[in-house]
Amino acid sequence: MRADPAEYKLVSPHNLQGVLSLLAGDPSHWLPIAGGTDVMVLYSAGKLPNRNLINIWNIPELRQIEIFPHEIRIGAACTYTALRIHEIVSREFPLLATAASWTGGIANQNRGTLGGNIANASPAADSLPALLVYDAELTLISARGERRVAYRNFHTGYKQTLLAADELIRDISLPRRFSGYISHARKVGARNAQAISKVCLAALGQMAGRTIHDIRLALGSVAPVPLRLKETERMLTGKRIEPALVEAARKIVSLEIRPIDDIRSTARYRSVVAGNLVAEFLEKLAAEGANA
Amino acid sequence: MSPPVAKSAKSEVSFIVNGEAKKVLAYPMERLLDVLRNHLGLTGAKEGCGEGECGSCSVLLDGMLVNSCLIPVAQADGASIVTIEGMSAHAMMKPLQEAFLECGGAQCGICTPGMILAAVHLLEKKPAPALADIREGLAGNLCRCTGYMQIFEAVSRATRPRVAQ
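Residue numbers (the numbering used here), protein chains in the order written: chain U, 28 to 319; chain R, 1232 to 1396.
Label pairs and their computed distance ranges (CB to CB): (1) U:E173 x R:A1359: 45 to 51 Å; (2) U:R218 x R:R1393: 29 to 35 Å; (3) R:M1380 x U:A191: 49 to 55 Å.
Simulated pairs of lysine to aspartate or glutamate, EDC-like, Cα-Cα distance not exceeding 20 Å: (4) R:K1241 x U:D31; (5) U:K257 x U:E283; (6) U:K74 x R:E1282; (7) U:K266 x U:D241; (8) R:K1253 x R:D1265; (9) R:K1356 x R:E1384; (10) U:K266 x U:E310; (11) R:K1238 x U:D31; (12) U:K74 x R:E1278; (13) U:K74 x R:E1284; (14) R:K1254 x R:E1243; (15) U:K266 x U:E315; (16) R:K1357 x U:E114; (17) U:K278 x U:E310; (18) R:K1238 x U:D53; (19) U:K186 x U:D289; (20) U:K74 x U:E34; (21) R:K1253 x R:E1316; (22) R:K1356 x U:E114; (23) R:K1254 x R:D1308; (24) R:K1241 x U:E34; (25) R:K1238 x U:E34; (26) R:K1356 x R:E1367; (27) R:K1253 x R:D1293; (28) U:K186 x U:E164; (29) R:K1241 x R:D1265; (30) R:K1254 x R:D1293; (31) U:K74 x R:D1265; (32) R:K1356 x R:D1293; (33) R:K1325 x R:E1355; (34) R:K1253 x R:D1308; (35) U:K257 x U:D241; (36) U:K278 x U:E307.
Which bits of chain U does chain R cover? Going by a derived footprint, with three or more residues having C-beta under 8 Å, they are: (37) 28 to 34; (38) 59 to 69; (39) 76 to 86; (40) 131 to 142.
Keep in mind that the hints were calculated from the coordinates and are not lab data.
For each residue, glycine too, the CB sits at the ideal point set by N, CA and C.
Based on the sequences and whatever the hints tell you, model everything.
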């Protein structure tokens, strides 16, 4: 049943301190809303349990992208459009810019935010595997202070995170040390725009001649959380790329992931596609290594 | 246990709609789409899916293409909004309308306001888009009549200089 707007409050503090004070007063009472691309879908369907919302759209501190010599800091309420058009994000973090271009259509990219994608914590979110391979860190802020956590530890289970009820994600930091890596992003879904992935891959690699010097792999939609393939990476590092290695990689990928059957795909299909995507990246690395 | 029900109060929202200053008294969580249609009588934006998948409620909010079904009206306070009704004076409107007519880009018409606004949003950034740009720019707008090819052709034709008959 359609929600009745008379039963929902939405307050707009217009600055970060105002938001944090409200959250500090009665944390379980409030749900922050930025671009609304997740929250409003639930609301419209009459399925939003929270009746008290805080508007965090247009809080200046959450909308900036700051550039430092060793890292960039992306405000949590930066939109996918802001990520796509940002020169340094596109140049040094192409996996993130590409994932932003996959997310929804243009209208949703103009409203959907990176922090929202992280807090919503869907294992199928397109931008999250990129954050894993880029070693992102999150700054979480509350009236109690702020703390910085490694993004790889942020998701503690299906739709569960380290975020306390009175905390907001303030920004996402990415170290600027991956621009020399070969990168590869692939989404497999029913269609490109507006379709949630069946499987998506973010991958980085560095070759030393024909040998893998460093490799970083993360997949979406294959586990309860966005998943870094640590065991596959360990097995591949220092190896020369040959057909037998690619086959061994497919096998270890299928053991490392925990896909399920759901409305978008099946566990079996996801497992095969996950192996194919990693194999495709290894072939790309081999080709680039041979050309170097 | 169901959560306690917050009784909300209406408040005044001021914005510019199609170039005119407007004030409405609305609940802050009323959807911009409903305020445009029910308070202001602007029925060009349609409700298709109500969940940001179909683009038939597209409007421009401070120049950005958005789905008005996903925007609480309080977030539009102080903004400038353009709906299809406000597009008649836009420089791209005549070529787009003519091209949509010539190519069969509109059939039942439900998606057309959103398609036109998505096309304008694209052409303002990329005046000479490739087919891939048109496909991407319109990918958030669903059409169940045309099969899309006529719409892509119309947007492409609207950007080409017209040959005198």
